[in-house]
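K.L.:
Residue strings, one per chain:
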Amino acid sequence: MRIFQIQRYSAIALLVFLTIHMTVVHYPPFHIDFTRILERMASPVWKTIDIFFLGFVLAHALAGAYMVITDFESMYGVRRAMIWIAVIIGAIAFVYGTKTILAFQPPV
Amino acid sequence: MGRGDAERTATVRVQRFNPDEDREPRMQDFTIVLRPGTTVLDALHRIKTEQDGTLTYRRSCRHAICGSCAMNVNGANRLVCNMPLREQLDRSGTVTIKPLPYLPIIKDLVVDRSTFWEQYLRVRPWLVPPDDVPEKEFRLSPAEVEALHHAETCIMCGACYSSCQVIGMNKSYVGPHAALKAFLRVLDPRDTIPGDRLEDLSGGDGVYRCHTIFNCIDACPKNLNPTQAIETLRKLAAKREAYDRDRRVRQASLSEPIASE
Amino acid sequence: MYTSTGYISFLLRRVTGVALVIYLFMHMWVIGSANGGPEVFDARLNLVQGPLFKLGEIALLAAVVWHAIDGIRLLIVHYFDVTEYRRSMFWAAIVVSAILVIAGGIPMLTFMLEEMGG
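Protein chains in written order, with my numbering: chain F, -1 to 106; chain P, 469 to 729; chain A, 4 to 121.
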């Protein structure tokens, strides 16, 4: 039940965050480089939005991957281990992603 | 009954498998004369009686109430006893009959339904009534009976279970048949253990494993709706303690007339 | 395989989901180059902005759009009693997804062709 709820609630959150991401970052299509991204990412507000976005994406992606993998009878038996693997990957990815988001500083 | 009917023939393409001789299933064609009113089950009977006595399939009541004769006809799981043969023929006059998918084949069209029955027993399909039995009867309101959506008419034929790809991948999944039965009991005001039932269904192999594929609704010969039952159970499982408390309150007045009467 | 519109939508949702998980980790690797400073970031980003990648981005758009629209369809099925309309909802999801992919894909294609010409 918890995995289902994580997937559904993160999905609803993603509908909002993904719309923001697509309209702000990718519309209209333009050549992407550090300076263009910095125009937006230097601001702490955008950094916060992106960190939340990252959190919800990882929750949804890893919950989804867990469901796909444990749908198979052979993997269903080791679902406890799958949860741990998903949590660990999620934690590492979240830390790395947050670090990256914070790295968008104007060069000294 | 037209004069042309007596000479028309149909091809019945059946999947055969004899565990003593075959390594793999194979298809075999039989030709039968098309008579008015022939059902697919009638065709199988005639083939077995007149052409090949080794053809093996399950059947009993022949009027869509026992649930024995569910098979895969032209790609869809159906009962064959109330299915007119004429309507199942493709352009070349052929009907293709295979056993229910995703289950081990015992012989020809007979499959092993052990996991089907295991999941059924797992959900405790019987009613657990209160210890206080009323003098006359339990009183349920029309709305309470309406909420069951005729789930009690399920004939346990297995068409839904065997159409579900989640079952195809994982036999630990509770399955649409058992979920529907659990729904019938959980929503019944006479049942004293809805919270328990919902807890059992909240795990990784319960109602949250359904991927909303909807094949079960398409397959059901009684037009039942296991997917909607599962969605209802999902919502109830999220607040099962409150639901349990409400059930205890309701059971205090089970032998009393309904307010509207 | 027991085929139906429900099974097709499940399959597409799964395939796009798995593809998006793989994409997510590749994306994090590319954007993660920001940790090395602006020059490293720009260099790595240049690797993934050629015409082949631009076409890949349109495929990515299609995957995200289908996954999201099918997901919305599931949310509706979860919160409302609409199983009766399951087939029309599947086709509605196909149509809405096609419209969004075409609407988003045309500017992307135009941009790619401009970049190739210039």
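If you're looking for bench data, these hints aren't it; they were derived computationally from the structure.
Here the structure is a predicted model, which is why all the values come from computation and not from measurement.
For glycine and all other residues, C-beta sits at the position ideal for the given N, C-alpha and C.
Any given hint could be a false lead.
[Said to hold, decoys possible] Which chain A residues face chain F? A few, computed with CB under 7 Å, are given here:
#1 Gly20
#2 Pro110
#3 Phe114
[Claimed, not checked] Label-pair restraints from in silico Cβ distances:
#4 F:Ile67 x P:Arg514: 23 to 31 Å
#5 F:Ile10 x P:Pro504: 51 to 59 Å
#6 F:Met73 x P:Ile726: 46 to 54 Å
#7 A:Trp32 x F:Glu37: 49 to 57 Å
#8 P:Ala611 x F:Thr21: 27 to 35 Å
#9 P:Asp558 x A:Leu116: 46 to 54 Å
#10 A:Ile79 x F:Val76: 53 to 61 Å
#11 P:Thr522 x A:Ile11: 51 to 59 Å
#12 P:Pro504 x F:Val76: 56 to 64 Å
#13 F:Ile90 x A:Phe56: 43 to 51 Å
K.L.:
Which numbered conditions among the earlier hints are violated in the structure presented, ordered from lowest to highest?
P.N.:
Violated hints: 4, 7, 8, 10, 11, 13; rest satisfied.
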